[in-house]
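Participant: Sequence:
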Amino acid sequence: MNNENLKVTNRTTFQLLAPGAAPAPVEAELVYDPEDPYAVAVIFFTGSGRVEWMFARDLLADGLLTPSGEGDILVRPASDDPERVLVELNAPTGFAILSAVAEDVAEFLDNSYDVVQPGEEDLWIDFDRELQKLVSTID
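Sequence positions in the sequence shown follow my numbering and run 1 to 139.
Worth flagging that the hints you see were computed from the coordinates, not collected in a lab. It cannot be assumed that every hint is accurate.
Ranges of calculated distance between the beta carbons of each label pair, as one might list FRET restraints [said to hold, decoys possible]:
1) N5 x S136: 25 to 33 Å
2) L16 x E70: 31 to 39 Å
3) Q132 x G47: 14 to 22 Å
4) P23 x E120: 31 to 39 Å
5) A18 x G71: 36 to 44 Å
6) S79 x L6: 33 to 41 Å
7) P67 x E27: 22 to 30 Å
8) P23 x Q132: 40 to 48 Å
Each computed EDC-like pair below joins lysine to aspartate or glutamate, with the alpha-carbon atoms no more than 20 Å apart [said to hold, decoys possible]:
9) K7 x D110
10) K7 x E121
11) K7 x D122
12) K7 x E29
13) K7 x D33
14) K7 x D36
15) K7 x E70
16) K7 x D114
17) K7 x D58
18) K7 x E35
19) K7 x E120
Where a beta carbon is used, it is the ideal one built from N, C-alpha and C, also for glycine.
Build out the structure end to end from the sequences listed, making use of the hints.
Facilitator: This is the structure:
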């Protein structure tokens, strides 16, 4: 099945939050591809290029309502503004806290649910293709 036409993408602007500085806008694209039905990607467009983070779709959804995640990615409602959601990214090269409009994130998730309903992700996995990928890396 060609899932290319089923990809969900939403452009939005995050705000990079840094102590003692005004929030800096960062253009981003939220992407959901049913070929990887459990994941979402956030592509940030920075002055030095694209930075892509992938994480669980459930993590993003849960983070709209309550602090979620551990380790590299944390998502939570902003305590000072219920209309925003915070995404904290931790990498060996640095740390960032970004803020997005919660309604934009919720709309993106709703659009992804129109393609693959929560709980039906396993129906979209092509196990033969995934097995072939594993076998080809062994050769």
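Participant: So which of the earlier hints does this model not fit?
Facilitator: Numbers 2, 3, 5 and 15 - these are the hints that the structure violates, sorted from lowest upward.
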